[in-house]
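full-length UniProt numbering puts the first residue of the sequence shown at 1, with every later residue one more than the last.
Think of the hints as simulated: they come from the structure by calculation, not from any bench. The structure displayed is predicted, hence computed values, not measured ones. Warning: the hint list may mix true and false statements.
Claimed, not checked - Calculated pairs, DMTMM-like style, for lysine to aspartate or glutamate (alpha carbon to alpha carbon, straight line, at most 25 Å):
{"no.": "1", "residue 1": "523", "residue 2": "539"}
{"no.": "2", "residue 1": "625", "residue 2": "465"}
{"no.": "3", "residue 1": "508", "residue 2": "108"}
{"no.": "4", "residue 1": "523", "residue 2": "108"}
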Amino acid sequence: MELSAIPGVGAKTADALAELDDPEAALRAGDVATLSRAPGVSEGRAARIARAAIRTEHDDPGGFLATDRAREVYRELLGELQARTVTDYGAKRMETFYPSAARSRIDEVRAFTECAMDREVSEGVLDALAGVEPLQEPRDVSVRDRCLATTDGETYARAREAIPELPVEVVDDARGLADLARGYSTVVALDETFAGVEVEGDVRVEPDTLSDPVEVVPERALAFFATNRDRIRAAIAVHRAAGLDAPCDLDDLESALSGLAEDGGIAGDEEVDRLATALDDLDAAVGMAESVANDRLREAIEERDVTIEGADLLSLVERGAGVDSLLSRELADEYAAAVDAARDHLVESLDLDAGEAEVARRAFGDEPTYPVEHEESVVSRLREDVNAAKERRETRLKRELADELADRRADAEALVGAALELDVELAVARFAADYDCTLPAFDGSGIEIEGGRSLLLDVTHDEVDPVDYGIDGVALLSGVNSGGKTSTLDLVASVVVLAQMGLPVPAKSVRLQRFSALHYHAKTQGTLDAGAFESTVREFADVADGGADSLVLVDELESITEPGASAKIIAGILEALEENGASAVFVSHLAGEIRETANFSVTVDGIEAVGLVDGELVVNRSPVKDHLARSTPELIVEKLAGESEGAFYDRLLEKFE
Numbered sequence: 001m002e003l004s005a006i007p008g009v010g011a012k013t014a015d016a017l018a019e020l021d022d023p024e025a026a027l028r029a030g031d032v033a034t035l036s037r038a039p040g041v042s043e044g045r046a047a048r049i050a051r052a053a054i055r056t057e058h059d060d061p062g063g064f065l066a067t068d069r070a071r072e073v074y075r076e077l078l079g080e081l082q083a084r085t086v087t088d089y090g091a092k093r094m095e096t097f098y099p100s101a102a103r104s105r106i107d108e109v110r111a112f113t114e115c116a117m118d119r120e121v122s123e124g125v126l127d128a129l130a131g132v133e134p135l136q137e138p139r140d141v142s143v144r145d146r147c148l149a150t151t152d153g154e155t156y157a158r159a160r161e162a163i164p165e166l167p168v169e170v171v172d173d174a175r176g177l178a179d180l181a182r183g184y185s186t187v188v189a190l191d192e193t194f195a196g197v198e199v200e201g202d203v204r205v206e207p208d209t210l211s212d213p214v215e216v217v218p219e220r221a222l223a224f225f226a227t228n229r230d231r232i233r234a235a236i237a238v239h240r241a242a243g244l245d246a247p248c249d250l251d252d253l254e255s256a257l258s259g260l261a262e263d264g265g266i267a268g269d270e271e272v273d274r275l276a277t278a279l280d281d282l283d284a285a286v287g288m289a290e291s292v293a294n295d296r297l298r299e300a301i302e303e304r305d306v307t308i309e310g311a312d313l314l315s316l317v318e319r320g321a322g323v324d325s326l327l328s329r330e331l332a333d334e335y336a337a338a339v340d341a342a343r344d345h346l347v348e349s350l351d352l353d354a355g356e357a358e359v360a361r362r363a364f365g366d367e368p369t370y371p372v373e374h375e376e377s378v379v380s381r382l383r384e385d386v387n388a389a390k391e392r393r394e395t396r397l398k399r400e401l402a403d404e405l406a407d408r409r410a411d412a413e414a415l416v417g418a419a420l421e422l423d424v425e426l427a428v429a430r431f432a433a434d435y436d437c438t439l440p441a442f443d444g445s446g447i448e449i450e451g452g453r454s455l456l457l458d459v460t461h462d463e464v465d466p467v468d469y470g471i472d473g474v475a476l477l478s479g480v481n482s483g484g485k486t487s488t489l490d491l492v493a494s495v496v497v498l499a500q501m502g503l504p505v506p507a508k509s510v511r512l513q514r515f516s517a518l519h520y521h522a523k524t525q526g527t528l529d530a531g532a533f534e535s536t537v538r539e540f541a542d543v544a545d546g547g548a549d550s551l552v553l554v555d556e557l558e559s560i561t562e563p564g565a566s567a568k569i570i571a572g573i574l575e576a577l578e579e580n581g582a583s584a585v586f587v588s589h590l591a592g593e594i595r596e597t598a599n600f601s602v603t604v605d606g607i608e609a610v611g612l613v614d615g616e617l618v619v620n621r622s623p624v625k626d627h628l629a630r631s632t633p634e635l636i637v638e639k640l641a642g643e644s645e646g647a648f649y650d651r652l653l654e655k656f657e
């Protein structure tokens, strides 16, 4: 499929779609989730592109919904389907379903629908679906605790291109490597000439790094899973709840994801957590350790009487000595004990290991001072050591996790894609169940509906009276006001739209032909002026000329002008439609006049009112074939005639005969 050949896809969008792994497969499948991952393509636009691609694939020229009212019916039905999706994706994906005259497209969706209607809907699955969203591409990864080093300008350029996530530094010699090692937790030298060089810090000589970036920057592989961790977990939950076949071992994938934090770091590792906590608590622990030492030293001073001989005091003063000398001479043991307490508190509160503890203890010196204060250079060294240890361990664990997850991206995409598609299937299944739907049969000509219930009424589905109705050729539909004529047209339109979408219809059974177009004209509000009247007549001329295999539904066209002229115009339109082989139903209160005017025997069906009960019509909602239904005024006059012994009402009733 040529991307630029899809209607509405320009060169820029085609280039964006081309960046996907298999855009043609996504287009054929209507895979909105994959299409929306193309740069600059939203889910809404992805749905429109998918719909256009489907039409292209099935050689479908479109235009099935030929009038505003036909399109309104489609949008209302689509809204009912979308209301039963759980995910935003599902609602957008529904927009790729549309009524078509192409047999191949209808058959394609019918196959999907048959599978969907076999799905079991459970609250557990719907709850799990609430957490599923289309996968996202991660933002650009940037890592600052490691760097690449080289002496060569060409290697520098290749490294920048191959591994843009890491800083790349140019050095002249081993001294340059040593300088870098003081600023980075890990330095990877790309030149073989550095082999054997001993430099303090984590410096590695790995000339093959550019051919295997995951080893040095595992964040690249992990970024996708970190960004989509919760989405993938939700998809796993959906597969378990729905019993779907999975492309991988769900337990293994879930276990691997449990080791990954939302920000791409390592989760659940006790050593990383210990080091991270130590870094977070370091300043507070140092301050508390100082307080421990000073509190103990203050207590010791307050509890002791210190006696100094006059000659000793004079000697101390002459030497300019102060309290520090006094502490050294009189309270050396107490000071040592206070400093030991501070050191122990620092080591224990930060849960430091032996090597870290050795550095931490040097934060408080042996020389007596009051108040006791830490040495900032030692604390900085401790912070650097703990941070470096944390980053080294995280990098190693990330590398191991990246090795485990790197080949599972396709599995993750399949898991999420299947969960999202399940949402669409379950929406169709719920729609079918809520409205007692069945798959229609395409056969013969016209349409035959048994036990149909319109979805477009403002009442619950259970309150809608079932309707039986068939259309074969051209017919007029008569009946009392509020008897259900418009609802019958809505039912026919809904059934045809859903059937030619490939979806189930709200009826006990339906048989219909595959129509080429649906022309549904709603009731006109008031008499049209000359210009609007001319436009309406032109529109029907086009329908009559090209309406073969189309379905035409018209509601009270006589309201466009005066009754006498309306009957003649409608009769002429019906004659043209009958000659052209269209199927049509015109709702009209002028059925008798139209039948007399037409040059062929027009079928007149009627929605018959059984009578009046407490001023309310009792109606048989299913139109009676070849029957001109009585009007509401006739029923009222008949009721009055039956209640009166006078001749007035009888005389009026005779006028209806």
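Here is how each hint holds up against the structure:
1. 523 with 539: Satisfied, since the Cα-Cα distance of roughly 15 Å is no more than 25 Å.
2. 625 with 465: 18 Å, holds
3. 508 with 108: Answer holds: residue 508 to residue 108 is near 23 Å, not above 25 Å.
4. 523 with 108: The hint is violated at about 35 Å.
Hint 4 from the list above is the single one not met by this structure.
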